[in-house]
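Number of protein chains: 2
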Amino acid sequence: MTLKYELNPIGRVDKKEGAPVFLVIEPQYWDAALRIELFSHLHIIWWADGFDNPKGRSQLKDVPPVEGAEMSGVFASRSPARPNILCLSIVKLEGVDSESNRLIVDQISADDETPILDIKPYIPSSDRVDNAKVPEWFRNLVKRYTE
Amino acid sequence: MTLKYELNPIGRVDKKEGAPVFLVIEPQYWDAALRIELFSHLHIIWWADGFDNPKGRSQLKDVPPVEGAEMSGVFASRSPARPNILCLSIVKLEGVDSESNRLIVDQISADDETPILDIKPYIPSSDRVDNAKVPEWFRNLVKRYTE
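Each protein sequence line maps, in turn, to chains A and B. Offset between the first sequence (1-based) and my numbering: plus 4. Offset between the second sequence (1-based) and my numbering: plus 4.
Among the hints, a few may not be true.
Identical copies look the same in the list; a pair holds intra-copy or inter-copy alike.
[Stated by the list, open to error] Derived DSS-like pairs: lysine-lysine, alpha-carbon spacing no greater than 30 Å straight-line:
1) LYS20 / LYS8
2) LYS147 / LYS19
3) LYS147 / LYS8
4) LYS59 / LYS19
5) LYS137 / LYS20
6) LYS96 / LYS137
7) LYS8 / LYS137
Read the hints as simulated data drawn from the structure, not as lab findings.
With the rest of the complex left out, here is chain A (with noise of 0.2 Å):
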């Protein structure tokens, strides 16, 4: 496979001690936040830079950092380190700073100064998966936005 396909960042993760969490997005792209205030969740893909080398980008299995995993596939784990560095947090959106082109959240997983790539609206009728089987060592996690 020789395909190669070219993303900018559109933004990027803002996370300093004893201030909120903020996803500062670049002014050319703000438009693209038209109304985001409507919805409360939302799924951030971002760029897991910190693995953005050969090795990072050539683990295929790792053991996920729970207690009882298994070695797995990185397609069955969220592990940063994968073929292409892409990440996937849900977050609650708090805030909309308008004149800072910033969106207050109330976590990510992403360190400071994390490149965002996209954010998308959490639409439950899609996202939301009732009774989804995972493997034993998935199962005790904390919840985070369900009962």
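Since the structure of chain A is already known, use the hints to place chain B on it.
The following block gives chain B in isolation, referenced to the frame of chain A:
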């Protein structure tokens, strides 16, 4: 911003009339699917190659194609036309065909031959949101995986 990130397809959609929907994984990435059968649902990140042109990639706003929708930023819609033409679909994993490096899934909104960039397991503890808020025009869509 002059940063650019390169991605390579890890597979493609095989969706032919009257046949199951397959996600065909490139042989060199098949090890990344180890233990994927332990999950019932997956996130698929795919490349909206039909919009890989200056017009598609400069679109910042559109009207979502549902009744009553208002003009929205693409970060507030699921339009494939957007700065980085990434799309995200949640699918049900129905089978794994190791001999042909294929996953069998229930559906995907991508066309036949669409490039796939990443696959991640759906983990309810962080991916399922109960009571997410959306604008009126996304409230009456057909529910796929919820009651």
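Going down the list of hints, with the structure as the test:
1. In the homo-oligomer, the alpha carbons of LYS20 and LYS8 lie at most 30 Å apart only across protomers (25 Å), although the nearest pairing inside one protomer, at 34 Å, exceeds that limit.
2. In this assembly of identical chains, LYS147 and LYS19 lie within 30 Å of each other by CA distance solely inside one copy; the values are 22 Å within and 35 Å between copies.
3. Taking identical chains as interchangeable, the C-alpha atoms of LYS147 and LYS8 are never at most 30 Å apart, the minima being 37 Å within one chain and 35 Å between chains.
4. For the identical chains of this complex, LYS59 and LYS19 are intra-copy neighbours only, at 27 Å inside a copy versus 33 Å across copies, given an alpha-carbon limit of 30 Å.
5. In this homomeric assembly, LYS137 and LYS20 come within 30 Å of each other (Cα to Cα) only across copies, at 27 Å, whereas the closest approach inside a single copy is 35 Å.
6. Taking CA atoms no more than 30 Å apart as the test, LYS96 paired with LYS137 passes in both settings, with 24 Å inside one copy and 10 Å between copies.
7. Proximity of LYS8 and LYS137 under a CA criterion of 30 Å is satisfied in neither setting, with 33 Å inside one chain copy and 36 Å between copies.
Of the hints listed earlier, those the structure fails to meet are numbers 3 and 7, in rising order.
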